[in-house]
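Student: Sequence:
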Amino acid sequence: GLVASYILAHPDIESAKEEVVVGWGWNHENWEVIRLPTAGDLDANPITRNRPIILQSKDGHAIWVSQTLIDTHGPYPDTIEGGVIVRREDGKPSGVFIDSAQSLVPIPPISPAEQSRSFEVTVKDALRYGLTALHDAGYKNDSMGLFFSFGEPSLTASISTQYSEVKKNGRLPIRLYAMTHFDEEHPDSDSDPGKLRRIDGMAGKERLTVRSLKVFADGALRTGGAALYEPYEDNPTSSGSLRLPPETIHRVVGRYMKRGWQVNVHAIGDRANGVVLDAFEDALNELGCLESTDGRIETRRRKNPDGCGEVRPRLEHAQMLTKEDVGRVGRLGVVASVQPAHVISDMIYAEARVGPHRTHRLYPFQSLLSKGAKLAMGTDFPVEGVDPLVGFWAGTTRRSLEPREGEDDGGWFPSQRLTRTQALRALTIDAAYASFSEHLLGSLEPGKKADFVVLGVDVMKVEDEKLREAVLRGGSGEGEGIVKATVLDGGLVFGDLGEDC
1 GLVASYILAH PDIESAKEEV VVGWGWNHEN WEVIRLPTAG DLDANPITRN RPIILQSKDG
61 HAIWVSQTLI DTHGPYPDTI EGGVIVRRED GKPSGVFIDS AQSLVPIPPI SPAEQSRSFE
121 VTVKDALRYG LTALHDAGYK NDSMGLFFSF GEPSLTASIS TQYSEVKKNG RLPIRLYAMT
181 HFDEEHPDSD SDPGKLRRID GMAGKERLTV RSLKVFADGA LRTGGAALYE PYEDNPTSSG
241 SLRLPPETIH RVVGRYMKRG WQVNVHAIGD RANGVVLDAF EDALNELGCL ESTDGRIETR
301 RRKNPDGCGE VRPRLEHAQM LTKEDVGRVG RLGVVASVQP AHVISDMIYA EARVGPHRTH
361 RLYPFQSLLS KGAKLAMGTD FPVEGVDPLV GFWAGTTRRS LEPREGEDDG GWFPSQRLTR
421 TQALRALTID AAYASFSEHL LGSLEPGKKA DFVVLGVDVM KVEDEKLREA VLRGGSGEGE
481 GIVKATVLDG GLVFGDLGED C
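Quick note: UniProt numbering has the sequence shown finishing at residue 501, numbered continuously throughout.
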């Protein structure tokens, strides 16, 4: 397997059997035999046997660990709130820990040098695919030193010494809207939002903004952790789980929104989305941002536009909602932060997971727009690829990039397809709105930042099949790459503008 090949290719690791091998990216839905892996699978290979190995799933909602690590970190509780310890028939841990249970076998932290290298690779890829700003969800405070180390003028006092030799100076190479991580392992001792440092870098000459909090309400459909109102079709004993109790979600949302912080909550299942919308509605009411008639939210109040405009709560993913909650997203002024690339990944197994009576409620993009919601469209990389045009294709066609046998030419639930104009807005001006930067970013207008991408194909006019071909070629910049140039702050950061520009 890949893990054994990696160990053999690195003699220093092969000889150090106590060294923890960390990996990422497995997806059991793509395997020939669709089942969750086990520690026994790792022990079946003599190269990986008796080694500490921890492998995170593609969606980040599960870890697969070796028996050595199971033995090291035990004993384990019978249950854990917001998570699942998958067990063998004899009741012992099988080797997979889902959602909150991942904390029971912690992944070793990476060094500042490794963080810096990963960041450089990520930025290089992002610029190559035409991205000029990233919304990055859930940075822990101790990793913020990497960004501070770039020497942004107002942040130099906060530079962490551990990064000082990694990056001595220079601006961030890309705009970064970083979300502060909420520590769900200690939900009752979370930081006072008034003590967190807020950085509105995009409002000046800098490129780092920190003014939002990322919270997880549930898990993912792929690993069965998304919180549903009814049991899973393929696992009638489970409806998934909330990673935090509803009262904790309400308390955290209310406290941070009152202090002017945007709260961005990961919510995939219909129950999770409902609980989060309840919390948003209560907080907005307390802030005086809503009017109601006979108990029904009707309009956003304009008496305090500045205070209410400070919060702009976001549903991260908003994958499955009830009909009533689709309407509530728009009425409450909640931003639906969506990643259409998940459509073409998940449609393979979605009906088996939630049943035909609920599948039509997945990824209701057009329904959300029709009810007045703003869509902010992203990629969710590294869960999906970094190329935003994959999401552009998926959102507008709801078809696989690589055609599958039996796939409907009209797309998966075609009534939810976005127009190309809607998809472009969601990738640009409305994504900027979701980060409080629509006055600076998201459109080409006098006075705004000169951030833009030059494509070799007119994605607004080309036929679907030509668009498919262009997206498949990717933004390599080699040969027929679709991204010809990326410009940030008026400076070329990737590619070549050519004589025509």
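Be aware that one or more of the hints could be misleading.
[What the hints assert, rightly or not] Think about it this way: if two alpha-carbon atoms lie no more than 25 Å apart in a straight line, the pair counts; the simulated DSS-like pairs of lysine-lysine are:
id: 1; residue 1: K140; residue 2: K124
id: 2; residue 1: K461; residue 2: K124
id: 3; residue 1: K92; residue 2: K140
id: 4; residue 1: K258; residue 2: K323
id: 5; residue 1: K140; residue 2: K58
id: 6; residue 1: K140; residue 2: K323
id: 7; residue 1: K466; residue 2: K484
id: 8; residue 1: K466; residue 2: K448
id: 9; residue 1: K124; residue 2: K323
id: 10; residue 1: K17; residue 2: K124
[As the list claims (entries may be wrong)] So the derived label-pair ranges between C-beta atoms look like this:
id: 11; residue 1: N50; residue 2: D125; range: 31 to 39 Å
id: 12; residue 1: S443; residue 2: P414; range: 41 to 49 Å
id: 13; residue 1: R259; residue 2: D90; range: 48 to 56 Å
id: 14; residue 1: E286; residue 2: D409; range: 46 to 54 Å
Just so you know, these hints were derived from the structure itself, not from any lab. Even glycine gets a Cβ: it sits at the ideal position worked out from N, Cα and C.
Student: Now look at each hint and say whether the structure bears it out.
Tutor: Going through the hints against the structure:
With a C-alpha separation of about 22 Å, the suggested pair K140 and K124 falls inside the 25 Å cut-off, and the hint holds. Restraint check for K461 and K124: the C-alpha separation of about 28 Å exceeds 25 Å, so the hint is violated. A threshold of 25 Å between alpha carbons decides the hint, and for K92 with K140 the separation of about 32 Å lies outside it, so the pair is violated. Restraint check for K258 and K323: the C-alpha separation of about 29 Å exceeds 25 Å, so the hint is violated.
As the CA atoms of K140 and K58 are separated by approximately 20 Å, the hinted pair is consistent with the 25 Å bound. For the given pair, K140 sits about 35 Å from K323 by alpha-carbon distance, which is inconsistent with the 25 Å threshold. Between K466 and K484, the direct Cα distance comes to roughly 17 Å. Compliance with the 25 Å bound is thereby established for this hinted pair. With a C-alpha separation of about 32 Å, the suggested pair K466 and K448 falls outside the 25 Å cut-off, and the hint is violated.
Between K124 and K323 the alpha-carbon distance is near 41 Å, which puts this suggested pair outside the 25 Å criterion. Restraint check for K17 and K124: not satisfied, since their Cα atoms lie roughly 33 Å apart, outside the 25 Å limit. At roughly 36 Å, the beta carbons of N50 and D125 sit within the given window of 31 to 39 Å. Restraint check, S443 to P414: a C-beta distance of roughly 29 Å breaks the suggested window 41 to 49 Å.
For the hinted restraint 48 to 56 Å between R259 and D90, the CB-CB distance of approximately 49 Å keeps it satisfied. Between E286 and D409 the Cβ separation comes to about 49 Å, which falls inside the hinted range of 46 to 54 Å.
Taken one by one, the earlier hints fail for this structure at numbers 2, 3, 4, 6, 8, 9, 10 and 12, listed in ascending order.
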